[in-house]
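> Each chain, written out:
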Amino acid sequence: DTGVSQNPRHKITKRGQNVTFRCDPISEHNRLYWYRQTLGQGPEFLTYFQNEAQLEKSRLLSDRFSAERPKGSFSTLEIQRTEQGDSAMYLCASQNTEAFFGQGTRLTVV
Amino acid sequence: KQEVTQIPAALSVPEGENLVLNCSFTDSAIYNLQWFRQDPGKGLTSLLLIQSSQREQTSGRLNASLDKSSGRSTLYIAASQPGDSATYLCAAIDNYGQNFVFGPGTRLSVLP
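If you read the sequences in order, they're chains A and B. All the letters of the first sequence, read from the start, carry residue numbers 49 to 158 under the numbering used here. All the letters of the second sequence, read from the start, carry residue numbers -14 to 97 under the numbering used here.
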């Protein structure tokens, strides 16, 4: 499978715990994006990497959120001290011209 | 700030009908516009990408048009099938190709 891969697909965590998600983009794509999607809404931009450089961060990305893309390959998104409001689908996309999305990680904070 | 809206929010049609989904954006200085499909609980599947220099793109039964001056894009689906049932999202991509702004989507149901 040469598409965008995200792991895990589902994560249930208790409030206050830390979680980390992984995204493996299409190998030749330099750009990588993270989005968050809540029920009935379109995805909202979180952050964007060009190779290993994080070039833009949304105001939605509070200081509890951090993203990395070491060596410009896979990326991780970590949420510290999770809150119930963090429950959402977290989507990763990679792009040359056309953007391709992964299947997402659904986070439930209980 | 770019804002994207989609009309209608939901649409239910009998199988075989042709239909049009609408997408409007406020800032005409877009780089590209892309249409996606999303099945419940799944990620987004790219359908069509229209670059700013293009007016339309076609793939099978799908045709998407772009009118930057009026801030509109339409997705035309011919001869709809039950398997087309999904949420359809459009995204306006900013002038540097870096940021996608999504609409809320149109939820389509095609009844057999």
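No wet-lab data here; the hints were simulated from the structure. Just so we're clear, the structure is a prediction, and the values are computed from it rather than from any experiment. Be a bit skeptical, because a hint or two may be false.
Stated by the list, open to error - Here are the computed lysine-lysine pairs in the BS3-like style, where the Cα-Cα straight-line distance is at most 25 Å:
#, chain 1, residue 1, chain 2, residue 2
1, A, Lys62, B, Lys27
2, B, Lys(-14), B, Lys27
3, A, Lys105, A, Lys119
4, A, Lys62, A, Lys119
5, B, Lys(-14), A, Lys105
6, A, Lys59, B, Lys27
> Kindly indicate which numbered hints from before are broken by the structure, ordering the numbers from low to high.
2 and 4
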